[in-house]
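We have chain Z already, so just place chain C with the ligands on it with the hints.
2 protein chains.
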Amino acid sequence: MMIFKRGLSTMASLKKAGKVVCIGRNYADHITELNSARPKQPFFFLKPTSSILTPGQGPVIRPRGIDLHYEVELALILGKQVRDLNSNDLKGALDSIESYALSIDMTARNVQNEAKKKGLPWSIAKGFDTFLPMSNIIQKSAIPDPHNIELYLTVNDKVQQNDSTELMLFNIPQILGDISRVMTLEPGDIVLTGTPKGVGPVVPGDVMRAGIRVNGKELEDAKIEVK
Amino acid sequence: MMIFKRGLSTMASLKKAGKVVCIGRNYADHITELNSARPKQPFFFLKPTSSILTPGQGPVIRPRGIDLHYEVELALILGKQVRDLNSNDLKGALDSIESYALSIDMTARNVQNEAKKKGLPWSIAKGFDTFLPMSNIIQKSAIPDPHNIELYLTVNDKVQQNDSTELMLFNIPQILGDISRVMTLEPGDIVLTGTPKGVGPVVPGDVMRAGIRVNGKELEDAKIEVK
Ligand SMILES: [Mg+2]
Ligand SMILES: [Mg+2]
Ligand SMILES: [Mg+2]
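As you go down the protein sequences, you meet chains Z and C in turn.
For the first sequence, our numbering begins at 101 and goes up steadily by one.
For the second sequence, our numbering begins at 101 and goes up steadily by one.
Careful: at least some of the hints might be erroneous.
A pair holds if it fits inside one copy or across any two, identical chains being indistinguishable in the list.
Stated by the list, open to error - Okay, derived cross-link-like pairs now, DSS-like style, lysine-lysine, Cα gap no bigger than 30 Å in a straight line:
# : residue 1 : residue 2
1 : K116      : K180
2 : K115      : K323
3 : K323      : K191
4 : K218      : K297
Read the hints as simulated data drawn from the structure, not as lab findings.
Values in this document were obtained by computation on a predicted structure and should not be read as measured data.
Chain Z on its own, in the form it takes in the complex (with noise of 0.2 Å):
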């Protein structure tokens, strides 16, 4: 038996969460690293829950065949309903945040690329077992501006992502609001932002850091170390 609770997000819940929504190129150095379209809207899609990975949960694991790609992106967890949030309500789109996660959209480059080439859904190279990797809960009030803190991920110690959350083109109520007009969010829902530039493919044995810097400060809660 399963037990879900409104408003208490601990690392079970996740697993839990009614979905996983998440934001595609919302950082625009990221979309010219990608050679892709600039959109006009956010984008979305979907990952199962069941490709989450909770800290200490064990390493991601790489199909054969699949070229492995990491994204840095902070997440958002949701503590209320929201339909039809209106894209300049900051106060309302933050306060429907509970708390936050940092996490790591694992994307099956190739599957993709090939996916994007024939029109097909990007289900299966975003949806893997263990594709999706997160940090503990950080509670809200660690993240005061959400629209200004650093996420950065490391490959063996080596730095490939160090950006601002400043730099997202579409802002948090915008993101909320164009998901919230298609589909209700509901409480323990989960929402990635977006991956800054710097995106780039893991072998089996590498290891993967990742966190958050508030003022320059790291936070202890955001921290992801996998394999």
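Frame of chain Z; chain C with the ligands shown alone:
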């Protein structure tokens, strides 16, 4: 608080399913009618559980500017965890099913066509609220052979879809094999098995009725009636 119990499918539990996984292009004549390519392997996508519309829950909402299409599909409701199922394992596949339902995979066809052209995800086209009307739970014993039942859908009493599940290109073991090699299926998860030919538009005011016949006999629990 939501309580979800393994092995107990109720209408209320449907909306708490971990995920809804849908097979695309699984009937040859439907592939032809959409001018799509025939897949070598089953491909699939996710619908959010927030799109589920349980019986009597009310009309399908057509978002403004959307070309709304119906796709009647047999839904499997899983009773077991499934991982790496062998695609030849008919017994294993059928054993993993706890019950069935009929479903209508509502699709924003113009949004989907645009997504295909641009290589974008299908999640918006498939994921609006109310885009997954479902029937009551169908007891497993009511469908002795899921590969030999008739699915039908009428719009304003005109038959639009009416075909046997014998016409599936990929049968249930192949479908569950392919999905479960990517993502673990969990008890309560819902799998849509594709739509036969005859998809088309509906507009507000239209009445869709759908059902299943087993050996020519209508299953009461499979009936969907929705505006
Ligand atoms: Mg991403
Ligand atoms: Mg889900
Ligand atoms: Mg379909």
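Here is how each hint holds up against the structure:
Taking the closest pair of Cα atoms, K116 and K180 come within 30 Å of each other both inside a single copy (16 Å) and across two copies (16 Å). Taking identical chains as interchangeable, the C-alpha atoms of K115 and K323 lie at most 30 Å apart only when both belong to the same chain, with a minimum of 18 Å there against 33 Å between chains. Within a single copy, K323 and K191 get their C-alpha atoms as close as 27 Å, which meets the 30 Å cut-off; across copies the closest is 44 Å, which misses it. With identical chains, the CA atoms of K218 and K297 are at most 30 Å apart both within one copy (25 Å) and between copies (21 Å).
The structure is consistent with each of the numbered hints, conforming to all of them.
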